[in-house]
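For reference, the chains in residue letters:
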Amino acid sequence: MYPSSDHIAPTGVHHERAYDSMEDMNQHIINHPGLAAACTCQTATTGTLNHLDTACASTERCVTSLTDTAALAASIDWHGQAAALMRDKVTTAIRMNEDVRQRAHALLAIRQEVA
Amino acid sequence: MSWEVTSRVRGGVPLSVADAQQFHALIATLTDTSRQFAAQSAAWATLSDQLTRTRLHVSSCPVHRDSWPGGSLTAAAMPRLSFIVELSRACEAQIRVCSAIAQHMDALTQLVARAQGLYLDAETKAAHASAGIPTDPLSTASSVLRGMASDILRSIGVVATSDDKSQPLLDILHTTSPYHQALMRGFSIAVLAGIARSRAIRPGSGMTAIDPLHGMLSRNSVNVAAEHLASISMQLNDRRQGNRIELSRRYPAWQVTRQADGVAGAIVQLRSLAENQYGTNEDNGLSYATIAIQRYRRMDGSAAWLVIIPGTDGHADSPFGWPQNVELMSSQARTRMQADSARMVLEAMERSGIGQDDPVAIIGHSQGGIVAATLASDSKYNIRHIVTAGSPVANHPISGDAWTTSIEMDDELVPALDGAANPVGERWLTIHGSVAETVHGNGTGPVLAEPVPETADARQMSHHLKFHQAAYANAAALGSGAVTSHDRHFRQVIAGELEETSYWQGRMMR
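Protein chains in written order, with the numbering used here: chain E, 1 to 115; chain A, 1 to 510.
By construction, these hints were calculated from the structure, which means they are not laboratory data.
Where a beta carbon is used, it is the ideal one built from N, C-alpha and C, also for glycine.
Check before you lean on any hint, since a few could be wrong.
As the list claims (entries may be wrong) - Okay, the calculated beta carbon distance ranges per label pair: (1) E/Thr64 to A/Leu498: 25 to 33 angstroms; (2) A/Pro14 to E/Asp53: 44 to 52 angstroms; (3) E/Ala71 to A/Val17: 19 to 27 angstroms; (4) E/Ala74 to A/Gln103: 19 to 27 angstroms.
To be verified - Going by beta-carbon spacing under 10 angstroms, a handful of chain A positions derived as facing chain E: (5) Gln40; (6) Ser272; (7) Tyr288; (8) Thr455; (9) Thr484.
Claimed, not checked - What the simulated footprint calls covered on chain A by chain E, stretch by stretch (three residues with Cβ under 8 angstroms from a Cβ of chain E suffice, anywhere in the stretch; the number is not a length): (10) 13-26; (11) 80-86; (12) 348-356.
Please build the complete structure, drawing on both the sequences and the hints.
Next comes the structure, spelled out in structure tokens:
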């Protein structure tokens with residue numbers, strides 16, 4: 001289903017209609033030249049920004065999880081190749097997550113411009 | 001194509017309560033972290049879906065077009081659209097990285113669990129349950145499962161001929177590995193049932209007084225069945241091979257075995273002897289049915305010994321033939337000790353000068369391991385530690401003073417011929433090795449696997465010693481306290497300098 005369009009007719013009556021295609025929407029507007037166009041993307045954009053906030057919050061929670069994991073891995077009485085590999089992989093995961101976190105922060109900064 | 005082995009550890013010195021709690025906490029934290037990253041990946045994926053819808057909305061929004069309908073986007077709309085595009089790209093990267101981290105945490109969870117022997121019993125039961133094959137031995141005697149058992153046992157022909165060409169049978173072995181023990185128990189019960197029926201028809205028949213009906217219900221039904229079979233096969237084999245062992249000391253052109261540095265080093269020496277006794281391009285003077293006995297001189301001047309025993313060779317005049325396996329698996333000590341291979345090793349130990357109180361370690365592959373278990377159960381010698389590779393020894397009544405380190409590959413069948421899992425205890429450590437194709441590049445393989453050298457593209461018989469060698473190497477790399485303590489005990493038994501190695505060859509004579 002094509003995105004719906006909120007149209008405000010000259011009479012002030014608010015119509016909401018879902019279109020089957022871009023052509024269908026265009027044809028409807030051509031057939032009703034009196035209809036004043038309204039913004040159709042603000043709601044979707046707001047939804048996007050909300051989802052971005054959710055994803056970024058999730059990023060911060062993962063930082064805490066990884067920090068706890070690293071602390072436990074460092075303190076446990078386990079030695080040898082496997083133990084060293086485990087601690088190394090946790091350290092690598094922390095670095096990878098830092099990239100995720102930096103990327104998320106950069107997106108949040110741009111978010112302000114389009115909100 | 002290359003192959004690798006991952007190992008799981010069972011038994012040995014148990015974790016202290018405090019250590020077990022710590023490892024459980026680590027596993028819980030790793031699991032939780034994996035879930036968090038999976039959730040984060042899902043959140044970015046949801047955002048990505050939302051962006052697709054938003055992009056459509058922005059592109060079609062009449063407010064953001066210069067002319068309506070179908071005009072191009074206004075300048076005011078461009079920042080919004082470019083943000084969406086940038087966000088889309090970032091989402092892909094976030095999803096990829098978060099998924100990778102989640103997978104790393106899952107792999108580390110598996111690593112910790114198998115290194116510390118945690119959850120292994122639960123996994124084993126789950127494997128049996130999901131396979132739908134009940135471990136109740138009486139129910140494994142159904143005709144369908146007998147058919148499956150015969151497919152598996154046909155593969156023993158692969159073991160006997162040392163021929164790696166039978167790929168379908170090797171694949172069957174690999175796929176059915178969780179069922180081997182249960183099927184062997186069912187098979188042994190079927191054998192005992194047949195023996196019981198024949199006795200009912202002809203009372204007084206059979207060469208042994210052991211009650212087959214009682215054996216059907218016991219944990220070591222395979223060994224009871226072996227006793228019944230051996231009571232007949234032993235006499236037949238004696239007529240074929242003769243019952244006299246000609247034992248001769250051999251002097252190879254160069255030293256085939258060297259000082260054993262712990263369990264890993266002993267496996268190297270076992271493999272060297274096994275591969276050299278069949279001859280190489282250069283004749284070193286060794287042939288089949290040859291064992292090695294090493295004498296070590298300890299700091300206090302006393303002697304310690306390492307006996308190295310390869311497996312079945314199947315030669316017509318060899319004490320290490322196929323029928324001797326059945327005798328060694330018997331539930332009766334007398335029958336086990338009468339097996340030609342056991343008698344040969346005992347005579348070699350005596351002629352080497354091993355004193356009854358001298359500490360002795362034995363390492364054996366396949367039948368060699370069963371001989372080791374037999375001597376540790378039934379002989380007069382002070383056997384302190386045995387290492388078995390690919391040997392069915394779960395039901396041998398090994399002396400309480402002896403430590404046992406068993407290495408078994410999941411799909412090699414032979415260790416499952418005892419129809420039971422090895423006992424779990426401080427003095428019995430079992431290393432289970434699992435063979436898989438090496439996964440390259442995409443990071444989804446197990447963390448820390450040991451490559452198997454000299455492998456072909458096709459699956460090979462994992463009863464070969466190189467697999468046990470890789471399994472032990474992987475177990476040692478896991479850093480488990482159980483493996484470390486067993487290795488330390490083994491080293492303590494043969495602590496000292498290697499003083500002399502003698503090689504003993506046996507032949508059956510009439």
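Verification of the hints:
Separation of E/Thr64 from A/Leu498 is about 55 angstroms and departs from the stated range, judged on CB atoms against 25 to 33 angstroms. Separation of A/Pro14 from E/Asp53 is about 48 angstroms and conforms to the stated range, judged on CB atoms against 44 to 52 angstroms. Taken as a hint, the range 19 to 27 angstroms holds for the pair E/Ala71 and A/Val17, whose Cβ atoms sit roughly 21 angstroms apart. One distance hint, 19 to 27 angstroms for the beta-carbon pair E/Ala74 and A/Gln103, holds here, with the actual separation near 22 angstroms.
This hint holds: A/Gln40 has a C-beta 4 angstroms from the nearest C-beta of chain E, less than the 10 angstroms allowed. At its closest, the beta carbon of A/Ser272 sits 25 angstroms from a beta carbon of chain E; the interface hint therefore is violated under the 10 angstroms criterion. A hinted interface residue such as A/Tyr288 counts as satisfied when its beta carbon comes closer than 10 angstroms to some beta carbon of chain E; here the least separation is about 37 angstroms, so the hint is violated. The interface hint given for A/Thr455 is broken, as the beta carbon of that residue sits about 22 angstroms from the closest beta carbon of chain E, more than 10 angstroms.
Taking 10 angstroms as the C-beta cut-off, the interface hint given for A/Thr484 holds, the closest approach to chain E being about 8 angstroms. Interface restraint, the stretch 13-26 of chain A with chain E: holds (5 residues with C-beta to C-beta distance below 8 angstroms; minimum three). With 4 residues having a Cβ less than 8 angstroms from any Cβ of chain E, the stretch 80-86 of chain A passes the three-residue criterion, so the hint holds. Coverage of a stretch by a chain is defined here by at least three residues with a beta carbon nearer than 8 angstroms to that chain's beta carbons; for the stretch 348-356 of chain A and chain E the count is 0, and the condition is violated.
Violation of the numbered hints given earlier is confined to hints 1, 6, 7, 8 and 12; the remaining hints are satisfied by the structure.
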